[in-house]
Structure formats: structure tokens, C-alpha cells
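*Asks:* Read off the chains here:
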Amino acid sequence: MELGFWQVWEGGWISAILRGAAITIALGTASMAFGIVIGVACGLIKWARLFPLTLVVDFYTSIVRGVPELLIIYLLFFSSVEVVAQIAAAFGYEGLAGNGYAFAIAVVAIAAISGAYSTEVIRGALAAIPGGHIEAARALGIPGRRIFRRIIAPQMLRIAVPGMNNVWQTTIKDTALVSVVGLQELMRAAFVGAGSTRHPFIFYFIAAVVYLAITLVSQGGFDWIERLLRLRTRK
Amino acid sequence: MNFELVLLAVPTLAKGFWLTAVLTLISVAIGFNLGLALAVMRLSKNKAFSSFAKGYSTVFRGTPLLVQLFLFYYGLGQLSFVRDNPVLWWIVGDGVHCAVMALALNTAAYTSEILRGGLMSIPGGLVEAAQACGMSRLLCFRRITFPLAIRQALPAYGNELVLVVKGTSLASTITVLEITGHAKRLMSQTYAILEVFAIAGVLYLLINLVLITLVRLLEAHLTRYLPR
Chain A
1 MELGFWQVWE
11 GGWISAILRG
21 AAITIALGTA
31 SMAFGIVIGV
41 ACGLIKWARL
51 FPLTLVVDFY
61 TSIVRGVPEL
71 LIIYLLFFSS
81 VEVVAQIAAA
91 FGYEGLAGNG
101 YAFAIAVVAI
111 AAISGAYSTE
121 VIRGALAAIP
131 GGHIEAARAL
141 GIPGRRIFRR
151 IIAPQMLRIA
161 VPGMNNVWQT
171 TIKDTALVSV
181 VGLQELMRAA
191 FVGAGSTRHP
201 FIFYFIAAVV
211 YLAITLVSQG
221 GFDWIERLLR
231 LRTRK
Chain B
236 MNFELVLLAV
246 PTLAKGFWLT
256 AVLTLISVAI
266 GFNLGLALAV
276 MRLSKNKAFS
286 SFAKGYSTVF
296 RGTPLLVQLF
306 LFYYGLGQLS
316 FVRDNPVLWW
326 IVGDGVHCAV
336 MALALNTAAY
346 TSEILRGGLM
356 SIPGGLVEAA
366 QACGMSRLLC
376 FRRITFPLAI
386 RQALPAYGNE
396 LVLVVKGTSL
406 ASTITVLEIT
416 GHAKRLMSQT
426 YAILEVFAIA
436 GVLYLLINLV
446 LITLVRLLEA
456 HLTRYLPR
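From first to last, the protein sequence lines are chains A and B. The opening position of the first sequence corresponds to residue 1 in my numbering, with each subsequent residue numbered one higher. The opening position of the second sequence corresponds to residue 236 in my numbering, with each subsequent residue numbered one higher.
The set of hints was computed from the structure by calculation and includes no laboratory data.
DEER-style ranges, computed between Cβ atoms: (1) A:150 / B:283: 49 to 59 angstroms; (2) A:91 / B:238: 29 to 39 angstroms; (3) B:462 / A:141: 37 to 47 angstroms; (4) A:29 / B:260: 35 to 45 angstroms.
One-sided excerpt, in silico: chain A residues whose CB lies under 8 angstroms from chain B: (5) 63; (6) 68; (7) 74; (8) 75; (9) 187; (10) 194; (11) 215; (12) 216.
We treat Cβ as the ideally placed atom computed from N, Cα and C, and that holds for glycine.
Produce the entire structure from the sequences given, and follow the hints as far as they go.
*Replies:* Structure representation (C-alpha cells):
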């Protein structure tokens, strides 16, 4: 059989691919979580135009959104690999290029990328909150922290959901790029399988199907959240 | 920063600069037309056309570009009927050709969504008026629908162009030596990671800046009837 369905089944590659998919989802979720933290912090800075900080945030978002993700991943991996190896050697762990380290750097890289896009989404959501709401809260003498918690944050979250859906879809697809530096996620599992069975078509096809399943399921999840939030707004 | 290294890196990365620009231009040229066709199909009343366009966009937007690239380059390259067909092999067998194909098919999916939004924003009355004037459907599309849709869609399309430029960097994974390909080589040869990254990054930002400026100029040109 030219396509090699049998080899995929026989060689136990299905479980390797599913393990890879689990790592992809874990990587995507962790990066997205850190990305949201970065996004909320930087989005608030950009929205409030806190003087010196807003320049730093502008620099960060324009670099990350203008330079290819792959280049950023290369930068972070190649520049950290030596440092980490030295630290590991100092503590007596030779050859620590294992999965734990790769995963940590991958989260840093993808979170940095995801965070830049989240920043723009959060900034946009903050800008969409009517100024009158905040003025009204101030007029009522509500302290600043509570204005954020009760007035700004709930509206920001609701408005940001569709944009965050886009960021999540991009993030999960960006995790595939980390395979080029060797983290054993879904794409890497397919790559290894394709190399050792010499049936690349079927392996990349399966990988494509799994990615599609992840994006479609999460799309459904986001649609559900959007419906949930819409129910509570009175028209 | 090491000055000698910069002198070494700049000409090398400049070589990749042209390939990146060429990859972007050709794939955008193909992808825009495909995307326009898909957007029109998506909005057609024919169920078969519209569901094909919808499925196409779901699949290409739902999977990473890297997977698509590898599926075309390594996956299709494995199949014997592709190898035996001279036309298909011309496309798939060469890294640059294959990267252009993957990028074009990928951007077509995103472009179709952007143009669909533009096409849907057109008031029905305009099309009816054009029909009442006796315009053929093609003429109406050319004179009324398309110019208005593109005006609406241009800002979003500018973002998509930047994504294509960034997408070309993935071609380096299938042996194409564009900016990122050269940059990776230089990084592993010289260990001057930050310097190489900075130069390559500046080149990418330069391309993006030029593209965004062009889109802005085109937008200003298309909306020149509006008071500023």
C-alpha cells in the first residue's frame, strides 16, 4: 500500500501522534494563559498611555507582529540553549536538552507572540468601553480599583472574547512552529513518523486532521462562551 | 555588536531579501485571485459552490501553514502519480515553487473571508440599481460590487499581506534560503544570534512597512471622494 496506512497502525504511531496532540494542547493553553496576562497588562498600559511604558509596549508589539514567528522562536531557542546548558553543567546535569527545557522555552516564545496579539485585542476592547461608564463610576465616588473590577474588566472581557478566539486559533497553529527546534509536539511526532516510515503523506495528513479537530472544537467552545455572555446583556 | 559580523551578515541576508519579496509577490498575486473566486463562490446561490468555498476556507484556516507546506512538499512528493506528471512535479518538486503554491492556497482562504466581508457590506439597492440600468452581471461586478468591496476590505487585507510576508519565513523549512533560511544558517555558524536576528528583523519590518504604506496610499486613493 503506497500510502502506508498499515505502518501507521502497526508501528504504534497513532499513540505517538495523540501524545503529541496532548503536548500541543498543553503548550497552546499555557502560552495562551501567559499571553492573556501579558495582553491585559500591556493592553492597559497602551490604553492608559502610561508614558515611558507605552513606548516599550509599542516596541514589543510592533516587533513581534512584524517579524516572522519562526525567527522569534530561533532567537529564543538559540540564545537560551547555551546559557541553559552552562547552568545545567554547573549543577552537574550534562546534556540537559530534554523535553522539559524545550517546553519551557516554547511556552516563553509562543506566549510572547500570543501576548502581542492579545495586547491589541485588549486595547481595542478597552477602547470600546463607553467613556461615560467610567465617568459615571468616578462621579459616584467609586474607588479606582473597584471601577476596574466592576465596570472595566467585565465589559472588556465580553468585548474581547471574539478577538481572543482569533488569538487562540493563531496560537494553536503557531505551536506547530516549535517543532523545528525539536519539542515533541504534534507536528514533530508527524515529522518523526514520516521520516522513519517514509510515508510522509499519511502522517502530515493525520496531523492536519488533528489540528483541524482542535481548532473546530475550540471554535465551538468560543461560540458557546459568546452565546453565554450575550444572554446576560439586556437588549 | 561585532562590526565584521554585520558586514558578513548584511549581504547574505540581503540575498534572502529578494527571495522573500518574490515569494510574497507571486503568492499574493495568485492568492488574491483565488481568494476572490472563492469569495464569489461562497456567496453564490449554488449550494455546491458555496459549501466548497466554505470547506476550503475552514480547512486552510484551521490547520497550520507548516503542516500544509510539509503535506505538499514531502507528502505529495511521495505519491507516484505526482512524480510521473511533469506539471505537478514542476510545482511540488522544487522548494520555491511548492512554497509559493502553499502560501497562495493559504492566503486565498484568508483573502476569501476578507473579501466576503467586503462583498456582503454592499447595499442590495446598488446592485438592483445597476441591474435596472441594464448592466450585465459581470459589468455590475466590475463597476459596482468589486470596487466598493475592495475599498471596504482593504484595511483587513493589509494585515493579511503582513501575515503572508511572515508566512514566507516557513519556506526556510523546505530548503528555501530566504531571509529566515539565511538567518538560521548564520546563527548556527557565527553564534551571533541577536545581531543576525536584528538585521533579519529590520529587513522584514522594512518589507512590511513598504506594503502597509502602499495599502494606505491605495486606500487614500480609493476614498479620495471623502472629505478628510
